[in-house]
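This is what each chain is made of:
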Amino acid sequence: MKQTISFKLNDQNVSVDVNGDESLLTVIRTYLDKTGTKFGCGLGDCGACTILIDNEATRSCMVIVEDIEGKEIITIEGLASGEILHPIQKAFVTLDALQCGFCTPGMIMNALGLLIKNPTPTRDEIIYGMEENLCRCGSYNRIIDAIQLAAKEMNQKVKI
Amino acid sequence: MKPNKIDQLYFSDVNEPIRLDRREFLKKLGGGIIVVFCLGKLSLLDGWGQNDAADELNFNAYLRVKEDGRVDCYTGKIEMGQGIITSLAQVLAEELEVPISSVDMIMGDTELCPYDAGTWGSLTTRFADPVIRAAAAEAREILIDLAAEKLNVNKEELTIEEGVIFVKNNTTIKTTFAEITKGKKIVQSLSKKPSIKTSKEFKIIGKPTISADAVDKVTGKAMYSGDIKLPNMVYATVVRPAVYGSKKLKVDASGLAAFEGIQLIEEEDLVAVIHADPEIANKAAKKVKVSWEAPEARADNESIFQYLEAHIKDSNVYEEAGNLEIGNKTSTKIIKTAYQDGYKAHAPIETHAATCYFEKDKLTMWVSSQTPFGTREQLANTLNIPLENVHIKQIFLGGGFGGKIYNQQAIEAAKIAKSCGKPVQLVWSRKEEFMYDRFRPAALMNVKSGVDDKGKLNLWEFDIYCAGTRGTKLFYDVPNNRTRMFNEKNVRGDSHTNRLNNVSVHPFGTGAWRAPGNNSTTFARESHIDTTALAAGIDPLEFRLNNLKNVDMIVTLKLAAETFGWTRKKEDGHGYGIALGEDAGTCVAILAEVFVDKSTGEVTPIKMVCAQDMGQVVNPHGATVQTEGGLTMGLGYALYEDVEFVGGKVKSKNFKNYTITKFSKTPEIECVFRDKMDSKPQGGGEPAIICVGGAIANAVFDACGARVNRIPVTPERILAAIKK
Ligand code: FES
Ligand code: FES
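Chains as they are written, first to last, in numbering that gives the first Met the number 0: chain A, 0 to 159; chain B, 0 to 723.
Here chain A stands alone, though its shape is the one from the complex (with noise of 0.2 Å):
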């Protein structure tokens, strides 16, 4: 059954005309046309589809679109202000933690939950926060040291 569903998305209010069970990544990349989140599993094992929902770091895929009514979703589209990168994308850039791009949206938002979360955190605690973040082309260790980059950028409070 379609059910009109409103939430933010990216500080926008949206609304969609979809069926209730449908996930989240597909209303998000099918019809809200943010393919920037990626399918990489839709079993919630890799962690390509990660987004914030009310500032939480979550599997898209596993969400259903009609529990995120009224809520505020942050997809990888919604981070930069207009050329200005944010302070993890820029030290995913400045690091060059990414090879094929495509677990890029996901390990950058799951990032940004933690550190929204944990704003100082070790760097074991950073490997805890991203161990279920999968990426194939082996980046770990440059988007372990990104997020440690970012997060001094963030907490000196400097704009990049």
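Possibly wrong hints are sitting among the right ones.
Taking CB as the label site, the calculated pair distances span [stated by the list, open to error]: (1) B:E358 / A:K7: 36 to 44 Å; (2) A:L42 / B:E308: 31 to 39 Å; (3) B:K568 / A:M61: 45 to 53 Å; (4) B:R297 / A:E131: 56 to 64 Å; (5) A:E131 / B:A177: 20 to 28 Å; (6) B:G572 / A:Y127: 17 to 25 Å; (7) A:D66 / B:K285: 19 to 27 Å; (8) A:Y127 / B:K181: 53 to 61 Å; (9) A:T119 / B:T171: 48 to 56 Å; (10) A:K151 / B:W291: 37 to 45 Å; (11) A:Y127 / B:L229: 49 to 57 Å; (12) A:N154 / B:E318: 20 to 28 Å; (13) B:L229 / A:L42: 24 to 32 Å; (14) A:E131 / B:L386: 41 to 49 Å.
Some chain A residues well away from chain B (every beta-carbon gap over 10 Å; in silico) [stated by the list, open to error]: (15) K7; (16) N18; (17) P120.
From chain B, some residues computed to sit far from chain A (all C-beta separations above 10 Å) [as the list claims (entries may be wrong)]: (18) I209; (19) K288; (20) K722.
If you're looking for bench data, these hints aren't it; they were derived computationally from the structure. Think of the CB as a built atom: it goes at the ideal place given N, C-alpha and C, for glycine as much as any other residue.
Start from chain A and add chain B with the ligands according to the hints.
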């Protein structure tokens, strides 16, 4: 310039036939200065080019200095994370004297780019670089000539920097690429050997450069095949059997009645459903009941090695020297061991995907493929339409590793689009990705070695099943040796193509996996070298140095050992291991440190050092990223990855039951390269990974005394080996 004039230009310089479609495409390129040449003319590049006589003579543009002064670089290669979008732009920028930011890479578009057999085998840097450098050097000469004319000076007085051409001792007399090319269309073919720079003159080659595509990838703007959305597009889900290789018997689609807007597609063995909503297509596909005839299971992941050895009886000698009998007699210790390696999945995070549409009978497709030109050919053949009627467009790939060269999804998507007459998107599920992946084949290696009382290798017998020849040329100095490839009679090529009575010996598709076969054989060889060193009572590093003949390999090994600190004190429960290998022209040495928990058998990689001799390193930063990636991915096959199956029924269906390397298992990694800037660049995307299995197995042995001769080196196998 009129097309016929352009034709004349071609033919005056290149006396080879030009395929019509290639001439046509020049019109599409627009104005500016275009440098073209023929693959057959690559001998001009003095052996730097990929000059295979079998290559079709093909006339291509390699770069265009556009009327706005920016430069398009055309390559049939694709970007899948290996960084060539950056390194190719670098070499072009170097020779043409433009900032790297003014280069636009046009990759893998079959209507704009030069024919290319595919992006694999770590060939890009070896073979595409020289061509692009030559084209850029040629363009530089043309630009200087034109500038001399425009500025009315001698061309010897001119120089180029950052896209500006000026008189050397009067920088106010200058012009730009944009000014020179404005309103022109000049097609120039490479006719003489271009003068390319030597390493002393390099400004950009060899400089660490951040990936050109990084910003697009961190903002979600980078487009992959499944991100394309076309008007009226439908999403397809293919109905799959449980067992690989099953034949369709009967289709019962009555269950589809419950779905509105669903359509069934049946094309020979292909059964699919399409819908404007991908999840509805998925749900509906489950309601289509197909009866399948499944092939009989011949082996599972445990019995497969016996099966292979029992069934593949013929062999041919790949390499031999001396006399095995003498080798046997002169050796004081003889060691014989069988090594095994199970099937491995490519498991890219992006599954196979394709989006396509027909316009009359012309097909346009975005596809996650390492072989855009191969895809074009496969599609033209399958659909029985001319090559020109298939257009593969440029797109990013979310990883490939050799798995995306077969293009099954492209054929499926095209058949469905043709059948339904609508634009179609097909994205494989993770389960399909595991089932239809062309796995790295299970391999079996029987090794026999002999060593004398001075620690000199005298005998080496290497029998290889299903791993092929790549990297198996013996670089140790063993007077009596023989390497055999076990193959069915009259089968050409590597042994991973094994077929018996025209049926593959493998229960499902197999194929190239990042450095095909070389991971398996390097693991076997390097494990066995350690075992032999142990029998001889000699340190594994010293034993290798004593028995190596290849100077590059010796230097590379020493570099790795120094960087790692082979003699530094070991912590309790830690072990060190070495492995050497050769792949795509590159010498690799890896030294690894692991910690093994003796009670659980769990391995924690602590540190890996990788030294490589890869000739000229165009982008040391990119090469480092690639190497780190190879090592990290390699830890997966070394420690966890193993496809479980019974016959064609693949039991590893997702990342829950097929573990790849994760954050917590990634050790500190250090990469070092031999500095050889004036030599040819060698492969970089694959070589490092080949040594991971051997280095880890050897380090595990060093840490806890468990010699595991089968990868992955799992906790169970370690515990079993400790008990022995
Ligand atoms: S796509 Fe959601 S976790 Fe993999
Ligand atoms: S960059 Fe390719 S999967 Fe992470």
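Results of checking the hints against the structure:
| no. | hint | verdict |
| --- | --- | --- |
| 1 | B:E358 / A:K7: 36 to 44 Å | holds, 39 Å |
| 2 | A:L42 / B:E308: 31 to 39 Å | holds, 36 Å |
| 3 | B:K568 / A:M61: 45 to 53 Å | holds, 47 Å |
| 4 | B:R297 / A:E131: 56 to 64 Å | violated, 36 Å |
| 5 | A:E131 / B:A177: 20 to 28 Å | violated, 50 Å |
| 6 | B:G572 / A:Y127: 17 to 25 Å | holds, 22 Å |
| 7 | A:D66 / B:K285: 19 to 27 Å | holds, 23 Å |
| 8 | A:Y127 / B:K181: 53 to 61 Å | holds, 58 Å |
| 9 | A:T119 / B:T171: 48 to 56 Å | holds, 55 Å |
| 10 | A:K151 / B:W291: 37 to 45 Å | violated, 57 Å |
| 11 | A:Y127 / B:L229: 49 to 57 Å | violated, 42 Å |
| 12 | A:N154 / B:E318: 20 to 28 Å | violated, 60 Å |
| 13 | B:L229 / A:L42: 24 to 32 Å | holds, 27 Å |
| 14 | A:E131 / B:L386: 41 to 49 Å | holds, 45 Å |
| 15 | K7 | holds, 18 Å |
| 16 | N18 | violated, 8 Å |
| 17 | P120 | holds, 12 Å |
| 18 | I209 | violated, 6 Å |
| 19 | K288 | holds, 23 Å |
| 20 | K722 | holds, 31 Å |
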